[in-house]
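**Student:** Protein chains in written order, with numbering that gives the first Met the number 0: chain A, 0 to 143; chain B, 0 to 143; chain C, 0 to 143; chain D, 0 to 143.
I should point out that these hints are in silico values taken from the structure, not numbers from a laboratory.
Don't take every hint at face value.
Which residues of chain D face chain B? A partial, calculated answer using Cβ under 7 Å [what the hints assert, rightly or not]:
1) E11
2) R28
3) L35
4) G42
5) P45
6) G74
7) E85
8) W86
9) A140
Result set (SDA-like, lysine to any residue): computed pairs, CA atoms no more than 25 Å apart in a straight line [claimed, not checked]:
10) K51/C with T5/B
11) K51/D with A70/C
12) K68/C with A100/D
13) K68/D with R121/C
14) K51/C with A100/C
15) K68/B with L61/A
16) K68/B with R89/B
17) K51/A with K68/D
18) K68/A with L61/B
19) K68/C with G105/D
20) K51/A with N64/A
21) K68/B with P135/B
22) K51/A with L129/A
Cβ atoms here follow ideal geometry from the backbone N, Cα and C, with glycine treated the same way.
Protein chains: 4
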Amino acid sequence: MPRTTTHSVQVEFGDCDPAGIVFFPNFSRWMDAASLSFFMQCGVPPWRELVKTRGIVGTPLLEINTRFKQAATYGQRLTVETHVSEWRARTFTQVHRVTRARDGGGADLICEGTEVRAFVHRDPEDPDRLRALPVPDDIRALCE
Amino acid sequence: MPRTTTHSVQVEFGDCDPAGIVFFPNFSRWMDAASLSFFMQCGVPPWRELVKTRGIVGTPLLEINTRFKQAATYGQRLTVETHVSEWRARTFTQVHRVTRARDGGGADLICEGTEVRAFVHRDPEDPDRLRALPVPDDIRALCE
Amino acid sequence: MPRTTTHSVQVEFGDCDPAGIVFFPNFSRWMDAASLSFFMQCGVPPWRELVKTRGIVGTPLLEINTRFKQAATYGQRLTVETHVSEWRARTFTQVHRVTRARDGGGADLICEGTEVRAFVHRDPEDPDRLRALPVPDDIRALCE
Amino acid sequence: MPRTTTHSVQVEFGDCDPAGIVFFPNFSRWMDAASLSFFMQCGVPPWRELVKTRGIVGTPLLEINTRFKQAATYGQRLTVETHVSEWRARTFTQVHRVTRARDGGGADLICEGTEVRAFVHRDPEDPDRLRALPVPDDIRALCE
């Protein structure tokens, strides 16, 4: 079983659109927070430390696939469960399941996102460009 | 060739994250704006009119797949090209290509999103629930 | 002493800008969440209930003054303390103090916002317009 | 008359809240974009250039006061008019008037924001801290 972390989200009024439901880019925002929370819960320092010590700027997305199952609205608390489903040489796949506890027990799946990400640093010749790095072994070891 | 509309986006400082690049949920936000802009450019009234005349609340997402090719940053202007690649009985697939003009001509693909959406109304028995409607023929005709 | 509630905020990577600090409109977002949280912690139903039972759509802002004292960044937890400093016939003033706990005890003030808000309903003759209502006595009583 | 620039904003569906009107922190976001747009229209390079050439990271807010006059909703185009009302040794005051053109001529004031900002650089001894700089004379000259 891969290591799994949880990240809690309180849905706010301003997260919802005129239809009264969560404006979906907020789910991407919460999955991004859950992604970083995963690394920090695994013991990886925040990017602002890693950029100084190892040049790692973060883990930008290469691809994201999100399936929406149920709407959510403000006043509700959601849980994002996150794990890495696959590590490759230069990328990894992270999965986020967003659920809402049901009255009386159990939980409803709100949406699920599958992300492909890479660790990046700044190109030494052109610091405005970000370049993928091999997945660092020590970071991977912390997260498995 | 399906009908294609364009939607212009100015990337702002606040759209970017500590790595200095667009925080990716903003691309979802811009694709959502491009999705509605597509319908309005095709002659469909805004949702706040359709909700009064026909009960149509909007076109929430069922699924989105986004592939990120290049980073973008503030001060840049992006173009989102949008078309519907497939109409089905109760859902449709909308494709958004986000590009940035290159100095000297041509354009770089920044990211591309493929969305599955449905027209929804409020469940007459439980107005807090949104229900998919058959794709309205007249709206589809305007958009083809 | 007026009733004071607290609302907790985890600062996320995507809340920060290219300078690495919280992009300030997020403080407005968190103060708005703290404003609604204040009412709900005082026992007032969420707006989506009040709109059905009493036509109250929410408490839009008439004015906000925010003073920023220190920057905050991601990975930090902030606390928003909220109280109503003045009730008037049709408006009220709500104050939000955003602090960050200091290692070793105490807390630093990050920013402070003073908001003037009104309870509104939809104009019966033109539902697209929102109109201020007299502050409801029962809601005020819950919040004092 | 101080130099005044304009910045155009298209209000999107996702900028609006369950009451169907612009969620107010978006006005702060648009004023921030108008603030940077003011400097760039005056010929000041973007912060990501100035940070390299002169260490200037940006112009964070010290205070903002915003008065809301009318609501706005999606599908509407707003104009932000921006000028600097006062330059001081280490801070300046920037004013943003957000208006919406009226059918038949004229414009309605939606909201108005008065910001106190400072040019900042990173503290050489503690790069995580931002420090106010004297307002650079050459930048001020471009903006008057």
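**Student:** Starting from the hint list further up, note which numbers the structure goes against and sort them upward.
**Tutor:** Of the numbered hints given earlier, those the structure breaks are 4, 7, 8, 9, 10, 12, 14, 16, 17, 19, 20 and 21, listed in rising order.
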